[in-house]
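S.K.: Line order of the protein sequences matches chains S and D.
So in the working numbering, spot 17 of the first sequence is number 17, and the numbers just go up one at a time.
Just remember that the working numbering sits 1000 ahead of the position in the second sequence, which is counted from 1.
The set of hints was computed from the structure by calculation and includes no laboratory data.
Check the hints yourself; a few may be wrong.
[As the list claims (entries may be wrong)] Short, incomplete list of chain D residues facing chain S, as computed with Cβ under 7 Å: (1) 1030; (2) 1065; (3) 1076; (4) 1194; (5) 1310; (6) 1319.
[To be verified] Just some of the chain D residues that point at chain S, by a computed CB distance under 8 Å: (7) 1061; (8) 1073; (9) 1079; (10) 1081; (11) 1129; (12) 1133; (13) 1185; (14) 1186; (15) 1188; (16) 1191; (17) 1192; (18) 1196; (19) 1200; (20) 1309; (21) 1328.
[To be verified] Calculated cross-link-like contacts (lysine-lysine; reagent style DSSO-like; alpha-carbon spacing at most 30 Å): (22) D:1121 x D:1287; (23) S:157 x S:23; (24) D:1262 x D:1252; (25) S:121 x S:154; (26) S:185 x S:23; (27) S:92 x D:1195; (28) S:23 x S:92; (29) D:1252 x S:157; (30) D:1320 x S:121; (31) D:1195 x D:1078; (32) D:1171 x D:1078; (33) S:23 x S:121; (34) S:154 x D:1252; (35) D:1047 x S:157; (36) D:1047 x D:1171; (37) D:1047 x D:1121; (38) D:1121 x D:1195; (39) D:1320 x S:185; (40) D:1252 x S:185.
Even for Gly, the Cβ is constructed at its ideal location relative to N, Cα and C.
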Amino acid sequence: MSGESATRITPGNALRPEDIAEKVAAGTRISQDVAEYALRLGDDALILAQRLGWWISRAPEIEEDIALGNIALDLLGHARSFLTYAGSAWGKTEDDLAYWRSEPEFRSSFLVEQPNGDFAKTIARQLVFSLYQYELYSRLVNSADETLAAIAAKALKEVDYHRDHAIQWTLRLGDGTEESHRRMKSGLDSVWPYVDELFADDELIDRLAGVAVRPSELRAPFDALLAQVLDEATLQVPEVQPAMTGNRGSQHSEHLGYILAEMQVIAREHPGATW
Amino acid sequence: MATQTDARELHAVPSEEDQAGQAYFDRIIAEDSRIEPSDWMPEAYRKTLVRQISQHAHSEIIGMQPEANFITRAPSLKRKAILMAKVQDEAGHGLYLYSAAETLGTPREELFDQLLTGRAKYSSIFNYPALTWADMGAIGWLVDGAAIVNQVPLCRASYGPYGRAMVRICKEESFHQRQGFEILLELANGTPAQKQMAQDAINRFYAPALMMFGPNDDASPNSQQSMRWNIKRFSNDELRQRFVGMIQEQVKVLGLTLPDDKIRFNEETGQWEHGELDWNEFYEVLKGRGPCNAQRMERRREAHENGAWVREAASAYAAKQAQKAQVA
């Protein structure tokens, strides 16, 4: 690996979506497989950002409007970087991919598509996703693909905070009042069917050995930390069966159609327009 | 009646401490220096500040709604990120301001209660709907623009915590105004439909933005006292005219127009003049009959009530932790 790559992260030189766009404009082209992998990472971040953005102006405290907004903004930043990079395989921009793909072309997991529910369900989804994403990014920083590694290096510090936020709230809701305990338990039960999908390997992952992180390798550290947090929060790991999901293919939860309808409506009313 | 009691209290023979306090306060105001939270201050000064600062805080919080409305629909990811950051800033402004008001002895819970029970007001502009993406531009350019003109002089307000909060808020507001202008500029140079959308947004927000400066000077009785206390520095009309002068120049860059053919610079007075505003509409909206008054309050109440169990959980958890720490 070359130490001079423009995508290496050094202090004060974080990789922004604009930097990746510049590299793409300068001729960076990636394989279909890497692009497909980047889409999975980018779509999860984008759809979750879209979900969390709803909370801004609706949170239980102003401090939470800011915190959830911050997390959404971080995730949107990750999404923009991954989508810009993925788009280089097909000559497409982040916006082409975000606004002009339809449901079957998205690669998001069922988990991030789940509705916000109450604050407890949102925190349950955040807990699962941020723990998973932390394990994922902390290995992706060693990817043979330097751009993916650089995006992960920047994102990792942010996800560390998202994880802390979710853990702190899980403790408070789990070990707060009877009502908050009940709601937190129910939130965890409600997202639990969609956890397994995050950790499933497939042929794409096999083909991208050294570039992609094997999702199955993340399960043990995820389970260990989750059990520890839930125990401290006086909660248990849900005994809820996994649901059949789309396995990162063309099939999605019923929710995605509505998410995209809202997200894409203005852009699609004005084909060819810039904003 | 509460007002009578207040009046009697104010007219009661002042204690020695109050006399010394008043003398100190008068000197600080005369020197144009700052009053700090622990300083003596007249009750009426304190009340005026709590009313003004909390009204401003409520405006930031309610003002999040029309823009938050477009976070999920922003037409590009970059715009979505900027809008999210902006609305988040507004929540931050609300927090600084509630904190500034708290230094005057009124807790946030009580200020929320005043808002939710309709005893406190917020800026009427937020009772108008945000209907198109161009409204994100018009709100940034005109609404935040008017807010800046209003707020820059407040950075020198005699009450320290308020003035200092305003310094930071004004910096962020100027970023907000630029992003609004940039949205409109992009639309104005875009497709015919985009340009039409931008003009329509300006047409709808122009008059309500001008009304943000408050009633005409002859109809604004509280202004005089606020100016004597160095809270307010310029009259409503002075600020409004200054704003009209600014935007009539800026709109030319957009290649769009302001919906007012009476704008002209009066050489004799050295002031900008504009068409008569519909003050009847202003008072109607103020009384709660604007297009979105009910909707904004309902959303705020919903967020507050739906969050009650979360806040209770956080307090219960903190109490348990404190107890554990004591035992240990």
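S.K.: Are the hints correct? Go through all of them and say.
M.R.: Hints and how they fare:
Violation of the interface hint for residue 1030 of chain D is found here, the shortest Cβ-Cβ separation to chain S being roughly 37 Å, above the 7 Å cut-off. A cut of 7 Å between beta carbons decides the hint on residue 1065 of chain D: the least distance to chain S is about 5 Å, and the hint holds. Checking residue 1076 of chain D against chain S by beta carbon gives a least distance of about 4 Å; that is within 7 Å, so the hint holds. Satisfaction of the interface hint for residue 1194 of chain D is found here, the shortest Cβ-Cβ separation to chain S being roughly 6 Å, below the 7 Å cut-off.
Checking residue 1310 of chain D against chain S by beta carbon gives a least distance of about 4 Å; that is within 7 Å, so the hint holds. The interface hint given for residue 1319 of chain D is violated, since its Cβ lies 10 Å from the closest Cβ of chain S, which is over the 7 Å cut-off. A hinted interface residue such as residue 1061 of chain D counts as satisfied when its beta carbon comes closer than 8 Å to some beta carbon of chain S; here the least separation is about 7 Å, so the hint holds. Hint status for residue 1073 of chain D: holds, given a least beta-carbon distance of 5 Å to chain S, under 8 Å.
For residue 1079 of chain D, the shortest C-beta to C-beta distance to chain S is roughly 5 Å, which falls under 8 Å, so the interface hint holds. Proximity of residue 1081 of chain D to chain S holds as hinted, the smallest CB-CB distance being about 5 Å (cut-off 8 Å). Because the closest C-beta pair between residue 1129 of chain D and chain S is about 15 Å apart, greater than 8 Å, the hint is violated. Interface restraint check for residue 1133 of chain D: the shortest CB-CB distance to chain S comes to about 5 Å, inside 8 Å, so the restraint holds.
Interface restraint check: residue 1185 of chain D against chain S, minimum CB-CB distance 11 Å, threshold 8 Å, status violated. Restraint check, residue 1186 of chain D versus chain S: the minimum CB separation of about 6 Å is within 8 Å; hint holds. With a least beta-carbon distance of about 12 Å to chain S, the hint placing residue 1188 of chain D at the interface is violated under the 8 Å criterion. Given the 8 Å rule on beta carbons, the hint for residue 1191 of chain D holds: about 5 Å separates it from the nearest Cβ of chain S.
The beta carbon of residue 1192 of chain D comes no nearer than 10 Å to any beta carbon in chain S, farther than 8 Å, and the hint placing it at the interface is violated. Checking residue 1196 of chain D against chain S: minimum C-beta separation of about 11 Å lies over 8 Å; hint violated. Annotation: residue 1200 of chain D was flagged as interfacial toward chain S, and the flag is violated, the nearest CB pair being 14 Å apart, outside 8 Å. Here the hint on residue 1309 of chain D is kept, as its CB sits about 5 Å from the closest CB of chain S, short of 8 Å.
A distance limit of 8 Å between C-beta atoms decides the matter here; for residue 1328 of chain D the minimum to chain S is near 16 Å, and the interface restraint is violated. Note on residue 1121 of chain D and residue 1287 of chain D: the hinted pairing holds, with a Cα-Cα distance of about 10 Å set against a maximum of 30 Å. Of the supplied pair hints, the one linking residue 157 of chain S and residue 23 of chain S holds, its CA atoms being roughly 23 Å apart against a limit of 30 Å. Using a Cα cut-off of 30 Å, the hinted pair residue 1262 of chain D and residue 1252 of chain D holds, with the two alpha carbons roughly 16 Å apart.
Restraint check: the Cα-Cα separation between residue 121 of chain S and residue 154 of chain S comes to about 27 Å, which is no more than 30 Å; the hinted pair holds. Of the supplied pair hints, the one linking residue 185 of chain S and residue 23 of chain S is violated, its CA atoms being roughly 46 Å apart against a limit of 30 Å. Between residue 92 of chain S and residue 1195 of chain D the CA atoms are separated by roughly 26 Å; this keeps the pair inside 30 Å, and the hint holds. Annotation: proposed proximity of residue 23 of chain S to residue 92 of chain S holds, straight-line Cα distance about 13 Å (limit 30 Å).
Taking the CA atoms of residue 1252 of chain D and residue 157 of chain S, the gap is near 44 Å; set against the 30 Å cutoff, the hint is violated. With a C-alpha separation of about 23 Å, the suggested pair residue 1320 of chain D and residue 121 of chain S falls inside the 30 Å cut-off, and the hint holds. Distance check on the hinted pair: residue 1195 of chain D and residue 1078 of chain D sit about 20 Å apart at the alpha-carbon level, within 30 Å; holds. For the hint linking residue 1171 of chain D to residue 1078 of chain D, the alpha-carbon distance of about 21 Å falls within 30 Å, and the restraint holds.
Our distance criterion of 30 Å between C-alpha atoms is broken by residue 23 of chain S and residue 121 of chain S, whose separation comes to about 39 Å. In summary, the hint linking residue 154 of chain S to residue 1252 of chain D is not supported, as the alpha carbons are separated by about 41 Å, beyond the 30 Å threshold. For the suggested pair residue 1047 of chain D and residue 157 of chain S, the alpha carbons sit about 45 Å apart, so the restraint of at most 30 Å is broken. For a cut-off of 30 Å, the pair hint linking residue 1047 of chain D to residue 1171 of chain D stands: about 27 Å separates their Cα positions.
Taking the CA atoms of residue 1047 of chain D and residue 1121 of chain D, the gap is about 14 Å. The hint holds against a cut of 30 Å. Our distance criterion of 30 Å between C-alpha atoms is broken by residue 1121 of chain D and residue 1195 of chain D, whose separation comes to about 34 Å. With a CA separation close to 19 Å, the supplied pair residue 1320 of chain D and residue 185 of chain S stays within the 30 Å bound. Pair hint residue 1252 of chain D plus residue 185 of chain S does not hold up; C-alpha atoms about 58 Å apart against a cutoff of 30 Å.
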